[in-house]
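Chemist: Sequence:
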Amino acid sequence: MSDVLQNLGMGFTVALAPANLLYCFVGVLVGTVIGVLPGIGPVTTLAILLPLTFGMNPTSALIMLAGIYYGSQYGGSTTAILINTPGESASVMTCLDGYQMARKGRAGPALGMAALGSFIAGTAGVVLLMFLARPLVTLALSFGPAEYFALMLLALCTLGGLVGESVAKGLLMGAFGLLLGTIGSDPLTGAARFTFGIPSLLDGLEFLPVAIGLFAVAEVLTTAERSVAHQVYETRITGLLPTREDWWACRFTLPRASLLGFVVGVLPGAGSTLASILAYLAEKRASRYPERFGTGVIEGVAAPEAANNAASAGAMVPLLTLGVPGSGTTAVMLGALMLWGLRPGPLLFEKNADLVWGLIASMYVGNVMLLILNLPLIGLW
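Per the working numbering, the sequence shown runs over residues 844 to 1224.
To be clear, the hints were calculated from the coordinates, so they are not data collected in a lab. All residues carry an ideal CB built from backbone N, CA and C; glycine is no exception. Please note that the accuracy of each hint is not assured.
Computed spacing ranges between beta-carbons, pair by pair [as the list claims (entries may be wrong)]:
#, residue 1, residue 2, range
1, R1087, S1028, 52 to 58 Å
2, N900, G1013, 45 to 51 Å
3, L1021, F1095, 30 to 36 Å
4, E990, G1184, 31 to 37 Å
5, G1178, L848, 28 to 34 Å
6, R1036, R1131, 43 to 49 Å
7, R1128, L865, 40 to 46 Å
8, Q849, T887, 34 to 40 Å
9, E1134, G1040, 45 to 51 Å
10, A1034, V970, 28 to 34 Å
11, G1040, G948, 47 to 53 Å
12, V1063, V970, 40 to 46 Å
13, Q849, G948, 47 to 53 Å
14, A1035, E1134, 42 to 48 Å
Whenever a hint applies, use it, and build me the whole structure from the sequences.
Modeler: See the structure below:
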């Protein structure tokens, strides 16, 4: 305990240096903008900016790249709530209730809960990262093919509950998703499957373009079946921040989703998207009124947003302690560390303690910056 706090104090000395504060702010600002813009994503952004970091101090560069990563989780909820289009793949589940709240005139409370819930979960995730990194790595290493298969099967089995009373529709869409997942090269034989001679399909379909496209198609079909050719939703804005009743409804949602998101984030390859899906499904299952999910309940916004932000902190655990990326974004960060001549793993905490603890402390600072940055934007959006 005392060693952790001593190391954290050293980390804040590094993170609060003027140059590192500037890079942290630039990172979270760019991340927020990237999250708002559908189709770009933090992986592409980090890959583009990576060459620019070669002349930088590795600690400053890592602080900036991490800020882009968890900053994009904040920004992705904005378009998900306002126009039913996820800016980042981890915000897909936020569309289900966030957009319905916006149609009811409660876009402000939805955006406020997304920002405040993300701050709470992100901060909780960093605390867990400090104290539970090594024990959770041991747990993650025990996950083999059977455990990952069971985790994915659990997500597939709960698809029927996502679409209300039409279980068949949920299962049909799940089967369609599995069909899309077969496109690309066979991982065992290398044979091309359903690529139709198009080289770009050999790597399969990227999740984010598919998600954005399908959400857009759904909105087009919904608009086409309306009897009125042009319909404008006119609602009265009822507030800009969550009410006391909203906080009371989410009193168990936020800690539950934060813990689940962090644990899923620790699992290599799981990522924040799976964390947000499982958190939403778990919250719906635990609710006394599961039939209201998808109609605009505040818990349906708080759960996935808390989970994906906690997962971004959890993904740092295998990256820093094992050198194993927990997501696509941390895979780019792993490449950056190796290009800088650093070897992620247990020795990183001993040989480069200032870098590791400076990064952890900067995540505290970055979450505060994101809260200050995003709350004033609620009225603007």
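Chemist: Next step is simple, just say for each hint if it's right about the structure.
Modeler: Okay, the hints, checked on the actual structure:
1. R1087 <-> S1028: 52 to 58 Å: About 53 Å separates the Cβ atoms of R1087 and S1028, which means 52 to 58 Å holds.
2. N900 <-> G1013: 45 to 51 Å: 49 Å, holds
3. L1021 <-> F1095: 30 to 36 Å: Holds: the Cβ-Cβ distance is about 33 Å, inside 30 to 36 Å.
4. E990 <-> G1184: 31 to 37 Å: 34 Å, holds
5. G1178 <-> L848: 28 to 34 Å: 32 Å, holds
6. R1036 <-> R1131: 43 to 49 Å: 44 Å, holds
7. R1128 <-> L865: 40 to 46 Å: Cβ of R1128 to Cβ of L865: about 44 Å, so the range 40 to 46 Å holds.
8. Q849 <-> T887: 34 to 40 Å: 38 Å, holds
9. E1134 <-> G1040: 45 to 51 Å: 46 Å, holds
10. A1034 <-> V970: 28 to 34 Å: 47 Å, violated
11. G1040 <-> G948: 47 to 53 Å: 50 Å, holds
12. V1063 <-> V970: 40 to 46 Å: Once the Cβ atoms are compared, 43 Å apart, the range 40 to 46 Å for V970 and V1063 holds.
13. Q849 <-> G948: 47 to 53 Å: Between Q849 and G948, where Cβ atoms are some 50 Å apart, the hint holds.
14. A1035 <-> E1134: 42 to 48 Å: At roughly 44 Å between Cβ atoms, E1134 and A1035 fall inside 42 to 48 Å, so the hint holds.
When held up to the earlier numbered hints, the structure conflicts with hint 10 and nothing else.
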